[in-house]
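**Student:** Residue strings, one per chain:
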Amino acid sequence: MKKSTLKKLLRYIKPHSILAMLAIIFALIHVAALILAPVFIGSTIDYIIGPSNVNLTRVLNYCIYLLLAIITATFSSYLSSNFAARLSQKVIFALRIDAVKAINLSPISKIDTLSKGELAIRLTSDTERIAEGLTNTITQIFTFLALIIGTLVFMFRLNVTMALVVALLTPISVLIAALIAFFSHKLLLKQTAKEGTLASLTEEYIYSIKSIKLYNYQKIAQEKFDEQNRKIKDFGSKAVFISALTNPTTRFINGLVFACVTMVGAYLVLSEAYFSIGALSIFLAYAMQYARPFNEITNAMTEIQNSIVSAKRVFEIIDNDNAELKMHNTKLPCNKLIGKIQFKNVDFKFTDKLVINNFCLNIKQGQRIAIIGKSGSGKTTLINLLTKFFTPNSGHILIDDTNIDNIDTAILRQNIGLILQEGWIFKGTILDNIAFAKKDANKTEIIEASKKAHIYDFIVSLKDGFNTIIDHNTLSKGQVQLLCLARFFLNTPPIIILDEATSSIDARTDFLIQDALKNITKGHTSIIVAHRLETIKDADLIIELNEGKIIRQGTYAQLFNE
Amino acid sequence: MITLLKKYLAGYRIISVIGLILKLLEAIIEIFIPLIIALIIDRGILNNDFSFVMHMGFLMLGLYIAGYILAVLCQYFAAKSAFGFSFNLRSSLFKHINSLPIESLIHFKSASLNVRLNVDTNNTSTAVNRFIRLGTRAPFLLIGALIMALRLHPIMALIIFVSANIISFIVFFIMKKAAKSLKEINMGLDETANEANEAISGARIIRSLNRQDDINKKFESGRLKLKRNSIKFLNISLLASPLSYLVVNLVIVAILYFGGIFVYDGTLSQGEIVALINYMLQILNALIIIAMLAVIFNRAIVSSKRINEVLNCCTQCTTHNAYLIDSSDYIALKNITMTYPNHKTPALNNISFEFPLGKTLGIIGATGSGKTTLIEILMGFYKYEGTINMPFNSLDIGYHLQKNQVLSGTIKTNVSFGRQATDEQIYQALNMAKCDFVDDLDFAVLPHGANLSGGQKQRLTLARVFLGVILNNVKLLILDDPTSNLDHNTEKLVIDSIKNIEGITKIIISSKAKNIMDSHLVLVLDKGAIAGIDTHENLIAACSIYSQIYKLSGE
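Sequence order for the protein chains is B and Z. Just so you know, we're using the numbering used here here: the first sequence kicks off at 1 and counts up by one. Just so you know, we're using the numbering used here here: the second sequence kicks off at 1 and counts up by one.
For the record, the hints were derived by calculation from the structure and aren't laboratory data. Keep in mind that this is a model prediction, so the values were computed, not measured. Do not take every clue at face value.
[As the list claims (entries may be wrong)] Straight-line C-alpha distance at most 25 Å; calculated PhoX-like pairs for lysine-lysine:
id	chain 1	residue 1	chain 2	residue 2
1	B	Lys463	Z	Lys383
2	Z	Lys227	B	Lys8
3	Z	Lys109	B	Lys7
4	B	Lys549	B	Lys522
5	Z	Lys514	Z	Lys527
6	Z	Lys403	B	Lys374
7	Z	Lys527	B	Lys224
8	B	Lys101	Z	Lys109
9	Z	Lys95	B	Lys210
10	Z	Lys514	B	Lys219
11	B	Lys427	B	Lys101
12	B	Lys14	Z	Lys232
13	Z	Lys403	B	Lys210
14	Z	Lys218	B	Lys224
15	B	Lys477	B	Lys438
16	B	Lys90	Z	Lys527
17	B	Lys443	Z	Lys217
18	Z	Lys7	B	Lys224
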């Protein structure tokens, strides 16, 4: 599984392989310069021995070498991290776009199972983590590996004893750091879990604050809050303390290495002629430089692991095995449907339960059909089947005598006007929200539509009128439904489906809207799902569903005045 | 930040100070290490004195151990103080939020209050933690290294001092630039989440209008902006580390070159050059820490401002508008007008009526006609113009909200809601609200009642109100559309339960005339004004809006 995630990620990196190559090349140049710099420092010090015993020309030469190394290191490190960061941003940009494209292509049944909060996290913090992981992999992992190997090679070439001291002692600090990280990670997880609990508790309490005030519930709420709050304190202080041990501990062990290097180095300088003070200073620098990649590689590794987990989560959205099929128009001579609908022995199973059971129905062009029935009787499922959101397990649905499988999905939907109980608006102006139904709508049309939907008065009562930015939090359920109706009035196709479209609107406004609806839908085929009997009084045919089957049908008079 | 510290660090002040002192001691130890190395080179190696080398070596080891113990203790005290502080702060903030009037709560928005309670408090606590751990150490290391360098060689120290300033200037300049784009990036991320969620919730409508490509394009152009902002941010922020590296190493070159000259002159020794280089590296480390601290403090200061905004809000005001409470036997509203912020027209316009206690008042009207606003003004949730005579205080009122507020817990905790009641009384309340779905009082209810249907939640919250009636606490019953989520039969049964409650004043909002037509008085609202207030029979004859509503809901 991990491998395939990496492979998928590589596919996204491939178009930018030049950037990746450049980043790696500059990273390696950076390492080379980093390794050379202490060597030049050491050599310079060796020419500075004492009063009147300084080879100034040599010192100047080495200072110039050092300068070149430093400048190379500076530029190559900036270029490498910059290229890597650019690459990562390009990759996550593509990931995000593909995720939303995938959502717009994936079957409704899959979309119904997606959690909004989850999706938000996957497209924000998960993708950001992927970017970090990628940048780190490219710049750090190579750099650190090269740094460790390069430093080792140089140290062993300089002096084997000293090299052994540094090489063997340093990893101890890494080991201990990893051990601390292991324990603190567990505690940190507990702490974040508790923080999550507290956050959802406060969210709930603040949402219900009116009730809390009404019943003087504050004291109990405070107790429950403090109970979680205290747990955060207990776990948090432990977790933070233990993870805070990493820094002093590695510093301590590096200090020990430092002391050992100094003593062994001093001993070597005193006993062996070929080990100089300059060499000692090189080792001191190496001891520091050698420890750093070890510490940071462990960090980078966890980051990379996290980013692979994140990538997996993002690919879950992008990967679409059964993207909604786009069937092509084979038989229809024009793009306009007339609106004759037939259901022929349609079965539909939802998680092994038969929700539509051998359903048959003929709807003539221009007929008004009302569907009633208990919740869960299959009313909305029928609509999902007709709009090709769901595919029947058996049987056929025909529009204008053509099987809907053979009608291009886009053309089919162009011909169906759909208003649902859960009205949908997006964050944007009221104008844009209404115009969503018709790209080239002008302002007069939009005003007209909003008047028909009886939302005009409300819109102009707002300070910014039609330019007010709205979202689901700023409008009531009824107002959202009215806006969706306005959208519908702007663009009315031949087939109309109203699924509890006015359930949150008061009876009187509903009555006025129904009137407008009747006018505008004259001659259109309409299917109406409604609880309010008043709305379906003059339907040509009312069918009552139960467990996916028609149990009664007839006109209003036939069904209710028996 | 400081006012918060004064108040909420109580009980942890001593250990925070101890933590600070311990860290200072560790820093002092740290500063002596390069000096010892210089001694080892100059006195030990150059004088061929190996026993001196060993002595100094062990001194180094001893200092490291002592430093380690001090550091560990400090980390412990820092973690304790920081989490103690955030516990106190969060607890008081939550308490204060619970005491705020509804109006201020709406002003702050619940999502934002949540962030303040959870994220902002964490930011301040991190700052406390880091300050104890690094607040003394980093500046001390910085100054200490400078003084030591000064002691070794004043001219060298000057070079180091100037370069340290250059580095801090670079780092702060970059940080300031980066912070600006960071804000834009965060906004871009919020937009990403929002637009992706819109694509899910609108999937059916987007498809039925065939606008998938437009949604994709809109998303793409937004993300393109985010990508550009991110790259802009990275272009700047990635400069910090290479530039600091450059400056530090330029200084090292300078130390080596001029050091060579000074050693030649005899004013500096070889070991001292090594020590100076070490001090330079120490200064760089300290500067990196200070830059990090600056980021954390910056965030904490912003957070503490946001926390203080809530804490300082309405410390004096009471929950309720001070309406006239007298012992008269009627509720009276006189010239009540109320306008919501961001609206041009008032939600309620010059409402006046009187209503005798002990009777039932029905309120009816279209969506947005001001029914709920009128009730919430009676409850004292909003400021208004005009006068109200209200002989009850909030504890005498049993109020059923339009939006069902169900908390995680059990059926029992949701009905009793902190009041003392026997199981029998709770069952009685559930029975009145026709909660036929309840078998077990201890049935676990998820947050927001996620495992209950809309109708079940509505009946459960009604049972909560009815319990007040059973416990005899309620003198005024206010029900805001209590049956909107119920089917016809259950609705009838619940309305009967409400009718059977006797001897108290009732105010009932409904969108259906049949639910309130038996009331002693029916108040008809239209666009925030009274369209009629009378008995059902009189309104049918005189009020066209009412007769229309009645006709439409008649079955």
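**Student:** Would you mind marking each hint as holding or not holding in the structure?
**Tutor:** Verification of the supplied hints:
1. Lys463/B to Lys383/Z: 20 Å, holds
2. Lys227/Z to Lys8/B: Holds, because 21 Å separates the two Cα atoms, which is no more than 25 Å.
3. Lys109/Z to Lys7/B: Outside the cut-off at roughly 44 Å; violated.
4. Lys549/B to Lys522/B: Outside the cut-off at roughly 28 Å; violated.
5. Lys514/Z to Lys527/Z: The hint holds at about 21 Å.
6. Lys403/Z to Lys374/B: 24 Å, holds
7. Lys527/Z to Lys224/B: Violated, because 42 Å separates the two Cα atoms, which is more than 25 Å.
8. Lys101/B to Lys109/Z: Roughly 33 Å between the alpha carbons, so the hint for Lys101/B and Lys109/Z is violated.
9. Lys95/Z to Lys210/B: 14 Å, holds
10. Lys514/Z to Lys219/B: 40 Å, violated
11. Lys427/B to Lys101/B: Given that 25 Å is the threshold and the Cα spacing comes to 19 Å, the pair holds.
12. Lys14/B to Lys232/Z: 23 Å, holds
13. Lys403/Z to Lys210/B: Answer holds: Lys403/Z to Lys210/B is near 10 Å, not above 25 Å.
14. Lys218/Z to Lys224/B: 44 Å, violated
15. Lys477/B to Lys438/B: 23 Å, holds
16. Lys90/B to Lys527/Z: Distance of about 53 Å is beyond 25 Å: violated.
17. Lys443/B to Lys217/Z: It holds: about 23 Å lies between the C-alpha atoms, which stays within 25 Å.
18. Lys7/Z to Lys224/B: Since the Cα atoms of Lys7/Z and Lys224/B sit roughly 23 Å apart, the hinted pair holds (cutoff 25 Å).
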